[in-house]
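J.: Chains A and B are the protein sequences, given in the same order.
Take 700 as the starting number for the first sequence in this note's numbering and just add one per residue.
Take 700 as the starting number for the second sequence in this note's numbering and just add one per residue.
What the hints contain is simulated information worked out from the structure, not anything from laboratory work.
A portion of the hints provided could be inaccurate.
Heads up, the list lumps identical chains together, so a pair's fine if it works in one copy or across two of them.
Derived DSS-like pairs: lysine-lysine, alpha-carbon spacing no greater than 25 Å straight-line [said to hold, decoys possible]:
#1 K958 to K859
#2 K818 to K798
#3 K952 to K825
#4 K859 to K952
#5 K751 to K859
#6 K974 to K766
#7 K751 to K858
Computed from a predicted structure; not experimentally measured.
2 protein chains.
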Amino acid sequence: MVYLNGDFIAKDKASISVMDRGFLFGDGVYEVIPAYNGKIFRPTEHLDRLQKSLDSIQITNPYSHNKWINILNKLVNHSSSTNQSLYLQITRGTDTKRKHNFDALTPTIYVESNPLTSKTKQELSKGFSAISAQDIRWSRCDIKATSLLANVLYAQDAKKHNVEEVILYRDNQITEGATSNVFILKNNILYTHPTGANILSGITRDLVLESASACSIQIQESSFSLDNIFTSDELWISSSTREIMPITKLDNKPINQGKVGAIWGCVFEYYQRLKND
Amino acid sequence: MVYLNGDFIAKDKASISVMDRGFLFGDGVYEVIPAYNGKIFRPTEHLDRLQKSLDSIQITNPYSHNKWINILNKLVNHSSSTNQSLYLQITRGTDTKRKHNFDALTPTIYVESNPLTSKTKQELSKGFSAISAQDIRWSRCDIKATSLLANVLYAQDAKKHNVEEVILYRDNQITEGATSNVFILKNNILYTHPTGANILSGITRDLVLESASACSIQIQESSFSLDNIFTSDELWISSSTREIMPITKLDNKPINQGKVGAIWGCVFEYYQRLKND
């Protein structure tokens, strides 16, 4: 069962017009929200970010927070999985003819929920690989937009290289991963690119910073280079569905001799507590 | 009547799954091809460019040139308009679940044709206005992709300012317009940004260069700045549907004292001959 424009329907019945501006122009925004033990995790933070994305592309939010929560809860409760990943997409709506500019339309609203299996600490502790690439995306990566072709091509590159993520750099500074935020730890200081137009202000990113503080780690929101990664003590990526993942190999070169660091373990444990609050 | 995945159907019956990667990710490419007097204009050039776009994002072209031409001709002949604008979109296809990376899927193919009314020389001779803006798009603007949110926002800005186009600069060099290529004429030399990753290699761009050569104008494919525009003799934009349009005001400041230049007239005339060949 999925939600489309006011109705809960079977997924294979969920269709949209070819004149939907999401289809024609990637003219929409989205959110991915985890639910643990049947409870939506950090709904306010995700719905606040959705509002920012909508504002940035001049779409009026069709629903109140409460209405969103009701829809999300109905999907969560309908599923038999205790942990789920909610996907929510809003496009500008169906146009009468294809033209780049827009008039006020009725937004298209699509929501689905899928089972979410988080990796265990043991699975994560073996470490993961990534590759680096130049950040060719647009300059408004703070908007969680559905114009995602660059991210699709990165994800395919990651698959081809059998790695977890592509870590991006712009002007020699690491921005973020293709579908994650990026952190390095050096001498008990955690570095991550500051929020702004070049990265998505991740909900999990904030929780990583909160968790790291709880582990007595100093936070420094400043950018760093690819070289800094190779001399770092730990490298992590974060996203709502992958949580906090230790990367121990980048471009086939080991980070911290290829071993998962101790601080990651502390941050991971704290994050698990936040999830189960 | 439109074409969707093998069938000619009514436009209001043309629907796709929410799992279409065009809808979820802007994971597709497109072409806009004019037809004059019922004859498709430069079909080979457009289909060659389509092939390049498809290759760039790793979608196998589902049809041969001949098959494409047959579909396009059928739509052109079905319409009562002598001049038409064909729109052709291919997305990676419908996925079973939302994930950034992709497997081989059956592409979604959508084609429609709409009446095209070209502006007359008299209408064009009054000149048009544009505004300039920083180019925030991704770094693969040579791919005619449907991830077009940046272009949508520019088009809306143009509408808000009641101008024809937004002319973009990157690192202080003019790249192109949000939906056009850009040219300046100075001392009988025509300048336009060289092809490459930062601009779309326009079919009409090539025809403008051909037409300018026929008017004894020297061509220089090199980039120029915003300042160069204000000291230029003529400023034009080109696209398949707008052809060659003289811009006489940029950011509310006149170009060539706000008058359409003489060379534009020659190039316009030559282009009309190409259309009717």
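J.: Determine for every hint whether it applies to the structure shown.
T.: Tested hints:
1. K958 to K859: within (24 Å within a copy, 55 Å between copies)
2. K818 to K798: between (44 Å within a copy, 17 Å between copies)
3. K952 to K825: Answer is within; shortest intra-copy Cα gap is 15 Å, inter-copy 62 Å.
4. K859 to K952: Close inside one copy (18 Å), not across copies (51 Å); limit 25 Å.
5. K751 to K859: Classified as between; 21 Å across copies, 34 Å inside a copy.
6. K974 to K766: Within one copy only: 23 Å inside a chain, 54 Å across chains, cut-off 25 Å.
7. K751 to K858: Answer is between; shortest inter-copy Cα gap is 23 Å, intra-copy 31 Å.
When held up to the earlier numbered hints, the structure conflicts with none and fits them all.
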